[in-house]
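Given only the sequences and the hints, what does the whole structure look like? Please build it.
Going down the list, the sequences are from chains A and B. Once you know that position 369 of the first sequence is 369 in our numbering, the rest is easy, because the numbers rise by one and skip nothing. Once you know that position 34 of the second sequence is 34 in our numbering, the rest is easy, because the numbers rise by one and skip nothing.
Simulated DEER-style distance windows between Cβ atoms:
| # | chain 1 | residue 1 | chain 2 | residue 2 | range |
| --- | --- | --- | --- | --- | --- |
| 1 | B | E50 | A | Q100 | 55 to 65 Å |
| 2 | B | A19 | A | I279 | 25 to 35 Å |
| 3 | B | T166 | A | I443 | 30 to 40 Å |
| 4 | B | V22 | A | R63 | 38 to 48 Å |
| 5 | A | F423 | B | T13 | 53 to 63 Å |
| 6 | B | G87 | A | L438 | 37 to 47 Å |
Hints in this document: simulated from the structure, not taken from any laboratory. Beta carbons: idealized from backbone N, C-alpha and C, even for Gly.
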Amino acid sequence: MMTLEMLNLSIAMPEIFLLVLACTVLVVDVYLKDERRNVTYVLSQFGLIITLILISQQNPQSREIAFNGLFVNDLLATVLKYAVVLLVAVVFVYSRRYLQDRNIFKGEFYVLGLFGLLGMMVMISSNHFLSMYLGLELLSLSLYAMVAFNRENPNAAEAAMKYFILGAIASGMLLYGMSMVYGMTGSLNIVEVAVALDKIEGNNIVLIFGLVFMVIGLAFKLGAVPFHMWIPDVYHGSPTAVTSYIASAPKVAGFAMIIRLLAESMGSFQTDWQGMFIIMAVLSMIVGNVIAIAQTNLKRLLAYSTISHVGFIMLGLLAGNQEGYSAAMFYTLTYALTSLGAFGVIILLARKGFEAENIDDFKGLNQRSPWFAFMMLIIVFSMAGVPPTVGFWAKLAVLKAVVNIDMLWLALVAVFFSIIGIFYYLRIVKIMYFDDALDKSDINCTRDMQIALSANGLSVLLLGLYPAALMSICIAAFS
Amino acid sequence: MTFFEVVFYAFSTLMVVAALGVVSARNPVHSVLFLVLTFFASSAIWLLLEAEFLAITLVLVYVGAVMVLFLFVVMMLDINVTRMREGLMRYAPFGIAIAILLIVQMVMVVGPEHFGLQAFPVPESHAADYSNTKELGRVLYTDYVYAFELASVILLVAIVAAITLTMRRRPNTRYQKPSAQMKVLKEDRLRIIKMKSETIEPENKQ
Numbered sequence: 001m002m003t004l005e006m007l008n009l010s011i012a013m014p015e016i017f018l019l020v021l022a023c024t025v026l027v028v029d030v031y032l033k034d035e036r037r038n039v040t041y042v043l044s045q046f047g048l049i050i051t052l053i054l055i056s057q058q059n060p061q062s063r064e065i066a067f068n069g070l071f072v073n074d075l076l077a078t079v080l081k082y083a084v085v086l087l088v089a090v091v092f093v094y095s096r097r098y099l100q101d102r103n104i105f106k107g108e109f110y111v112l113g114l115f116g117l118l119g120m121m122v123m124i125s126s127n128h129f130l131s132m133y134l135g136l137e138l139l140s141l142s143l144y145a146m147v148a149f150n151r152e153n154p155n156a157a158e159a160a161m162k163y164f165i166l167g168a169i170a171s172g173m174l175l176y177g178m179s180m181v182y183g184m185t186g187s188l189n190i191v192e193v194a195v196a197l198d199k200i201e202g203n204n205i206v207l208i209f210g211l212v213f214m215v216i217g218l219a220f221k222l223g224a225v226p227f228h229m230w231i232p233d234v235y236h237g238s239p240t241a242v243t244s245y246i247a248s249a250p251k252v253a254g255f256a257m258i259i260r261l262l263a264e265s266m267g268s269f270q271t272d273w274q275g276m277f278i279i280m281a282v283l284s285m286i287v288g289n290v291i292a293i294a295q296t297n298l299k300r301l302l303a304y305s306t307i308s309h310v311g312f313i314m315l316g317l318l319a320g321n322q323e324g325y326s327a328a329m330f331y332t333l334t335y336a337l338t339s340l341g342a343f344g345v346i347i348l349l350a351r352k353g354f355e356a357e358n359i360d361d362f363k364g365l366n367q368r369s370p371w372f373a374f375m376m377l378i379i380v381f382s383m384a385g386v387p388p389t390v391g392f393w394a395k396l397a398v399l400k401a402v403v404n405i406d407m408l409w410l411a412l413v414a415v416f417f418s419i420i421g422i423f424y425y426l427r428i429v430k431i432m433y434f435d436d437a438l439d440k441s442d443i444n445c446t447r448d449m450q451i452a453l454s455a456n457g458l459s460v461l462l463l464g465l466y467p468a469a470l471m472s473i474c475i476a477a478f479s
Numbered sequence: 001m002t003f004f005e006v007v008f009y010a011f012s013t014l015m016v017v018a019a020l021g022v023v024s025a026r027n028p029v030h031s032v033l034f035l036v037l038t039f040f041a042s043s044a045i046w047l048l049l050e051a052e053f054l055a056i057t058l059v060l061v062y063v064g065a066v067m068v069l070f071l072f073v074v075m076m077l078d079i080n081v082t083r084m085r086e087g088l089m090r091y092a093p094f095g096i097a098i099a100i101l102l103i104v105q106m107v108m109v110v111g112p113e114h115f116g117l118q119a120f121p122v123p124e125s126h127a128a129d130y131s132n133t134k135e136l137g138r139v140l141y142t143d144y145v146y147a148f149e150l151a152s153v154i155l156l157v158a159i160v161a162a163i164t165l166t167m168r169r170r171p172n173t174r175y176q177k178p179s180a181q182m183k184v185l186k187e188d189r190l191r192i193i194k195m196k197s198e199t200i201e202p203e204n205k206q
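Laid out in structure tokens, this is it:
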């Protein structure tokens, strides 16, 4: 016999609230007239604040299980949930004006954004292959629809189509891999799988086979080479507001997915997936950094830069120890923040009938707005890994983890390609500060956008000056 | 060969042939009908596994409802088959090579060596009064209630996404207002005009 208490619902309070919020926004929005659409926005933001409060009510120190082992809450989950909720809230701030200018300021953007956020939180907190897969599908479905959100734009439709088909194939790969693991271990629960795998001796070909499929599925979702083809098209094709959503929070959820599926459940096969990760990490750093040089479109450039950063995150993960995981977590969190800031500046410069997505649109930004040029400078420096920004510490932590497992050559390859990467990052800085502005129109944006973007840029700088606090949280999450 | 095996191999062969038919049929409507056949054969295999409820659901939901809808959509869409077949021959060798590679790998891995009767003994068949539906319902609403709810949320998102992407509000769309229609009085619609009665005069121009 089972009672309601056994479900341990209080652990999942933030998710339950978020689901209620998304449904409320969906219904309220139907009854709003177009000129009162701001109510949807305010309601979503207010709900996200309450979600943050509910997350803070959880006890992160203990590992607690809910829903008969399908749901887990620990320090890792709490920290990552804070991050995704905050990132999505900032995306909503950035995107309001952008959507209004393009007549796509609709409630569905917020509804789908909230459902996607729910999917990410489910992934972060999943303790079971089934809930992981369902969370992933919830996130992916919301993203597909958001990419195609602007129906007048044929590029967006093409991007959504590519994303949808490739995403469906990747989900199939992941499921097939999971079914192999299930066949060998007889369980889908991550903890039980880990226990069962520990008992298996020698080289089990079925498990390796399943592992390969799972790694392919994960690599696709994260966008590692050779499963990266969708990233440039999707980043370029979707409205910049949606790109800022895709480029930030889902990376954090993808990190959680790799930790739960590979580190926690397939930990005893670490040497096997380490090899696959080395290949993908090196390829990602090569392809990402080299192809980015040829880009003139800033959104595509940032897409290739994402691919190279994914390579760095994988470097941390493949170390396969506490140091590597916490370094990868630090990298993922700070990269999501930096990437969000970069797209924030693109949204800032865009206005009605004009997308500031070419690098030339940034010419002479310093003359137009010294403050936001400085913000972009911090963000670009952080992506390139120049001290004292946070990107430097993130790269350092990851490289240290790789050196400590005696893979000096891998660290050298990473350093070499990030030096190549600095070239195209510095070109943006040069264009902003040393070129004359092509269009000298004033940058006018709402006050909340100014505050959020300034906070975003300054946090990149502040985290770089005081990285210890976030670093110690990341280390504690894996101890 | 036992009766069980005869049934299994018959329906498995049917399923594989029908699945090949789905991708190779020239007419999209035939593809959909082949898909119906595939579902039907797999439901028969589920019956062999004593999953009666799932088997019947597959027939009722997929064959009965989803595929019929699918058939309507395929018939209504104007699919240009020749354009879709462009480049088929160019990609076919590559695709077939990968498919063969995958099949060989799968046969090597998912063979009797790892999933044979030694590793997985035949489960005991259930008693006659065993209710498949009841057991499924029990785990669905207790052990897997979280997954069940999540699946329902995914369906909700699918509905929202489909409506977002397809519904268009045109400015000149005409709607009915039932409340206004109900409130209409006779005076609003009917105008009584007093006028002289007209008489038709015979035309005699000649």
